[in-house]
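Take the two lone chains and join them into the complex the hints point to.
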Amino acid sequence: MSNNIDNNNWIDAIKQKADQATREVPADAWEAIAKSMPKKTPAAPKRGIFTPRLWKVVAAAAAVAIVATTGFFIIKDDDNNTQPNIIAKSSKPTLPKQGAPANNGDSTGIDSTQISPQVQATLAQNKTTSSSQTKSTSTHASSHSTSSVSKNNNNVNKDRNRIAEEEYFDNSFEEEMAEFDPDEYFYDLETMQALEELYAEYDNAMNQEAMDPWKSYSDSTYHQHLAYDANARRLAREKMSLHRNKKKEPTLLMAAYGNGLISSDHDATINSSSQPMLAPASGSNNPGMMMAPAAPGINNTIAPPVNYNYHHHMPLTAGLTFNKRIVGNLYGNLGFNFTSMTSDVTPDNGAPEFKQKIMLVGLPFGVKWNFWRYRGLSTFVGAEGLMERVVSAKFNDESVTIKRLQWSVHATAGLQYNFTKHVGIYVAPKLSHYITTMPLNTIRNEHPLNFNLQLGISIDY
Amino acid sequence: MMNELEISLGCKRGNPNAQRELFDRYSAHLMALIYRYVGDDDDAKDVLQDTYIKAYDSIDSFAWHGDGSLKAWLVRIAVNTSLNHLRSKKRLKATSVPVEMLGDPPDDDEAPSSEVNNLDASTILEMIAELPDGYRTVFNLYCLDGYSHQQIAEQLGISEKSSSSQLARAKVLLARKIKRFIEEKDKTTTL
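Protein chains in written order, with numbering that gives the first Met the number 0: chain X, 0 to 460; chain P, 0 to 190.
One chain only, chain P, in its complex shape (with noise of 0.2 Å):
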């Protein structure tokens, strides 16, 4: 089994083993994650198709900086691409969901609490893809991927405030998808 050097350098090469283990052992994790950015299957197999691509293209720009390098590197292509992806379908500038539309924002004591650990990983990518994309992408941006309001605003061309305001509400919006779930969950036990 080849290791991350391994298979950089093997790609480098052009190698096509090489390029084959890259996909097979990311793909998976790479599909998740560009799903939770798109919210779409079938958008996100296009989008996996363009990371990987571009990914074989420009290998030889990889340097290697020890394990999880590889894995790091390809995070930020999917990323992009996946930015790119609802670019070109002018899905962020559709973020615009009115504050009175949210409904009422969850108490504080109804926020979300241990039972996230209870939900399984596809159940929680459902709920964060069926966020609007604005919201969405700024939660993954942020929360699940580390990016700072500042990089988010010159990402998606917006302002900072714009970008924390719409993280606020991402966050109402989640966590009141997660307490309906649990409640519903918890009624089908009851029953």
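Just chain X, with the same shape it has in the complex (with noise of 0.2 Å):
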């Protein structure tokens, strides 16, 4: 062993001796330190702004909008139903019962005796409507797509026939039946008069004991009587209005309900109930240009197309959407969201202009591919499905229900920046499609294929 003093052997015998080194501790260090320390309570674990028990709780909420989301649609979505859910509403005895046969066949059933010719000249009409609601809805559809109508046309009639079972039960219209001054009554009295021996007349053919609708009746045939029974009360409705406050512009109302077209011929007073309420000019070749439709063999004096011109707003899209990873850096998400789609609408005959308002809840799921990441910051590429349905639809003050499915693909492409393990913002532009189409002229029937960009913020796990 070298005795130099720059070697370190004995350095190093020294470092040894001194690590395994101990040295008595006083014997009241333990207590002095006892009572020293802090009283620490268990130690918790650091919050931050996603903690464990927080994520617990964000993903029950979100499991339960989920679930209440896809509910909606499960539940509401009677497409494929061939029990109509009006029952539940029914306060009239003699109305179809929940869970008697559906279809008995196209045969009415109706004791044509106990009905005016001109009741039944109108069923006769209304057996056919198949054709003629295909005729008309075609040229609601004619200025977007041609291939599109004959897919929207049950859509069309189910909405219609919606409208029809909400307005049949409106008890309102017995009260204000009631409330009408007939001395204030100065304009087309005899039009008001047929539309109140048409309701009652068939009102009472509805209630005849011997008149088993859900025996006898098929389903269309139901639904087209309740059309026509509701359309009878929505004319007597607007007639009402127009004669108290002493309004003698009977053209825009009629048009913007585009139905129930009048004249001063009793026997056609009432036209067929399969007109759908809005429909696109004929042949227009403007989009947004919307007009009544002019139902063949009607005397279409007093309402005249009216033409609307439409300026949308940019949609507004809350939502929050889950990822999910799959494998590797594949990540498979699901979510939910809500849509506002408003849009201005103008006469053009000089009415003032309104609004029209569409609120949407969505469904969207898909896959999401991160191909790229460094620290926090990650690029992705998805693609995406989305099922949205019509929560809340108004047409100026008018309440429209829409329960077809809006349909809808979007691809993506975006940056991820994660400020913590789960949670991160992103923006990303996005191509989307609309497969399916509104009733209401909207930006999406304009535009099916469109360019966004989302901002967000995206859950990880």
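If you're looking for bench data, these hints aren't it; they were derived computationally from the structure. Glycine included, every Cβ here is placed at the ideal spot set by N, Cα and C.
Between beta-carbon pairs, the in silico distance windows are: (1) X:18 <-> P:163: 19 to 25 Å; (2) P:5 <-> X:60: 32 to 38 Å; (3) X:380 <-> P:75: 43 to 49 Å; (4) X:328 <-> P:75: 35 to 41 Å; (5) X:406 <-> P:62: 49 to 55 Å; (6) P:86 <-> X:7: 26 to 32 Å; (7) P:145 <-> X:414: 40 to 46 Å; (8) X:419 <-> P:88: 43 to 49 Å; (9) P:88 <-> X:375: 43 to 49 Å; (10) X:380 <-> P:19: 55 to 61 Å; (11) X:419 <-> P:41: 47 to 53 Å; (12) X:420 <-> P:121: 46 to 52 Å.
Given below as structure tokens:
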């Protein structure tokens, strides 16, 4: 062993001794430490914005929201349901009962002797509405795509049937009729009287004990009758409103409803209820132009076509999407969102501008692939499907029931920055294609393929 | 008997048994370490208390990386607490033993040799504790606790050159102490 002072051997020996060294600790050392030690409660985990506990709450809330949204689609979607769901609302004992046989063929089963020739003629016309419906709805869709017309016919009919059901069971009509003062009546009295007669006659027919609509009516015929009846109520209500307000402007209202064209000829007072509520101008090249339909064989002297010009505002969407890693950098995602679409509608007859507002709830689902990642930054591409349902639609003050699901597909590429392990913000240009259109004119109808920019919060786990 | 991981987890939960186990298992070793830094038993006791209080207070920041990691974590706290103690007493600035006061440098042949192995650990600790504060601190940090001169310079606020110089002088002094101790021991044995 070298004795040189710079030789580290002796230092290593000292280090070895020092590492093994212990020294007696004063007996009171622990007591002193215990006294000086702050009273510490059991350590709580560091809590960030999304702690494990909060994660559970967020996950539970999201699960509830997704289930609720899904349930909304499943329960409310009766596109494949042959049973009408109107019975729960019914307060009339003679109306069809839930669970009763639905379709027993096309025979109406109505005792024709109990119904006036006017009604019989109308019912006969309604029995063949499938062709006329197709025709009128084709007019509606002609400005967009002819191929989509036939696809939408059934939905349009169902929407109209739905409206007819709701209007039929609206008891406020009777109240309005009771309050109606014929002394104020100064315009088109004959038409009003004819409507009332028709309504009363048809109501009587429907209330006959011998007539059991569920045994003899087909579902479509039943709805046609309801539509017919609701049409009469609506017309009566509109007329009352017109006369109360002393307005001699039936054109706008009638055209806005697009239904029940009126003439002074009593035999043709009420037209087929199969007319759509709104229809684009036939042959018009402007998709934003809508007009009341011109039914064949009807004297349309009071309700000339009204065109509507649309100015669509930017749709606003808010939602939450959860991404679950499937394998590697591939994530599956599921979420829910809400969309608001507003349009300014201007009739071209000088009537005031009004708004069309549509609210939708959506269920997005898809996949996302993170193809590059550096620290918290990542880039991704993704494909997504979106199923939406209208929860609220208003055309001016008129509520419109739209039960058709809105389907769309989306492709996206984006940049994401994760500021925690699970939560990040992202920006993603998105290309969207809306497969199904709505009965109301929206920006999606006009531009089924569009490009948009998404900003959002992403939750990956 | 708890292992290190169990002790650390128990301390994080505020378990008194784990806290006591942490003290019982490492306090003697830490006391020796602190003593060779501060050079005084009373001060060492104070620093030991401060060390444990800091450890219990910051146990949440400890991450277990395997056996020995808890002890290493405690040693770092003890060293830093010792240095803070010396700073608070302004004893680090007082390291100024003139070269001439060091006496004759030991001859190469007189440097400690295998006799060191025959010394017990407490004797060596006493010798280290007797070194001037600055020399002792640099010697402890560099030779026994693995710090570099750059790290020492940053810790003590001195230049690396000064650190190196003080280390050399610390070695000279310690070697001389060891030599004298062995010589006196030999004389006693002879008598």
